[in-house]
Amino acid sequence: MDYEFHWNVVFQNMPQLLNGAFVTLHVSVLAMLLGVVIAILLAIAKMNNTKFFSQVATVWVEIARNTPALFQIYMAYFGLGAFGIHLSPYVAVLSALVFINAGYLTETFRGGFQSIPSTQYSASKSLGMTSIQTYRYIILPQMLRRIYHPMTNQFVWSILMSSLGILVGMSELSGTTQRLQSLSFRTLEFFIVAAVMYFVITKLVLFGSSLLARRLFKGEI
Amino acid sequence: MIRKLAPLVFACAAVTSVSATADQLDTVIQRGTLNCGVVLDFPPMGYFDENNEPAGFDVDYCNDLGEALGVDVNVLNLTWGERIPSLVSGKTDVVIGSTSDTLERAKTVGFTYPYFVFKFQVIANEDKNIESFDDLKNLKVGAALGTTYETEYLAYAEQQGWGKDNYTSFKSENDAYLGLYQGKVDAIISTNTNIATKLRSEEFEDFEAGPYVPNYDDVVGIIAKRDEVAWINYLNLFLVRQIRDGNMNEAYNKHFGTDAPADLIQSLRDNK
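Read top to bottom, the protein sequences are chains A and B. Read left to right, the first sequence gives residues 1088 to 1308 (this note's numbering). Read left to right, the second sequence gives residues 614 to 885 (this note's numbering).
Everything labelled a hint here was simulated from the structure, so no lab data went into it. The beta-carbon is built from N, C-alpha and C at its ideal position, and this holds for glycine as well. Misleading hints may appear alongside valid ones.
[What the hints assert, rightly or not] Part of the chain A face toward chain B, derived, beta carbon under 7 Å:
1. L1247
2. S1250
3. Q1265
4. S1271
5. F1272
6. R1273
7. T1274
Let the sequences and hints guide you as you build the complete structure.
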């Protein structure tokens, strides 16, 4: 390849790139936390006998899993904009990622819940536990242990998908990279460095979550 | 004996290596097709016409260039950000895409003589009553990501201490206008030519063209790979001939409805 790399311009702009990387991490961690909470509720709703709850959950899951992330983000920004609801790029991307994370994780969680024998629900009930206590002390700890790895996969996905924030002008890692490369036209250099940063972020997150798992589940994972 | 033969060997090697590295000009002629990159969401320089075919001033220039070279023309639609990657990866031979000729960018790509000069301008809803550029201070402003007017606005905002909080960037020129239309931003920065085109459409009848970005002429060139000096040389002559042969005026007439203004031609000559 007849291309001379100029790395110095990338290093000069490192603070801005790191700032963008921080925004990427920030939005995906938040999207993951909110997504997990909503997904647990949706999974319970989906297994609920009341038709309304299970239908709401089903519609959510179907839309989230069967439409492109790009479309969701665009809808959150320009789609709602057409109705006069103006989210900032950050909030638009965050809500789209939460929506998708929740949709995917619901199915994961539902599988987790269903892998726990129904006898355990009856056993807790016979010990006089309320249903909240049952979930809190018996079901959720086991369920989370079982679905921990699929959940971290979703986390990595959400970090990588946050790069679509560039579509709505969010200044996360990709958006910042795009802006910086347009000044110097050193596209390859900036994109390579951004790719390395994404790699490091996802590896750090995976490492962090395996540390967390070791503490939470005391080596039983 | 060996010593006597050495220069001959070198000479042979030199000849073969010259013929082995056909430059871009040779490549295009031998291929019989010119891959010409244009940004097609930037009317009237580049857009899709009612038949969904590429059209515009830049597309006319691609066709004129193809005609001069005696080759077919393949117009590739690019976003602002794809202009350089498309050249580096060899997808395009040349990008006629209103590329501002900054010295920073010239470290990476080769610029021809300028082929157009734009003014950067504000477009906003009439009720914003923007009289001067400084009226943007407390308004939400947007522009397309990776454009020179984005850079110019941000530089001006920083110099005036406005900060970046009121600024939104959009992925493309069309998205910026969509954002303005929906009211996500109060005003956007674009080029005078694009604004004039948009104001002719029904959607933007409540909008008006505002002040220009102060002290800035956007001089744009055609770009090609930086080391293809002979190719750039050819493109330079092409641009000179576009004006001399009247093709420039013809394209201008077609897309702007008037003869090319004398000050535009003068500016192109001054900026050579």
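Discussion item. Take the shortest C-beta to C-beta distance between A:Q1265 and chain B; is it under 7 Å?
Written reply: With a closest approach of 5 Å, the A:Q1265 hint holds.
Worksheet item: When the nearest CB of chain B is found for A:S1250, is that gap smaller than 7 Å?
Response: 12 Å, violated
Practice prompt. Hold the hint about A:S1271 up to the distance rule: shortest CB distance to chain B must be less than 7 Å.
Written response: Nearest chain B Cβ about 5 Å off; hint holds.
Discussion item. Holds or violated: the hint that A:L1247 contacts chain B, with Cβ atoms closer than 7 Å.
Written reply: 18 Å, violated
Discussion item. Quick check on A:R1273 please, does its C-beta sit within 7 Å of some C-beta on chain B?
Written reply: 6 Å, holds
Item to complete: Return the status of the interface hint for A:F1272: holds when the least beta-carbon distance to chain B is below 7 Å, violated otherwise.
Response: Constraint on A:F1272 satisfied, holds at 4 Å.
Worksheet item: Is the shortest C-beta separation between A:T1274 and chain B less than 7 Å?
Response: 5 Å, holds
Checked against the numbered hints above, the structure breaks hints 1, 2 and satisfies the rest.
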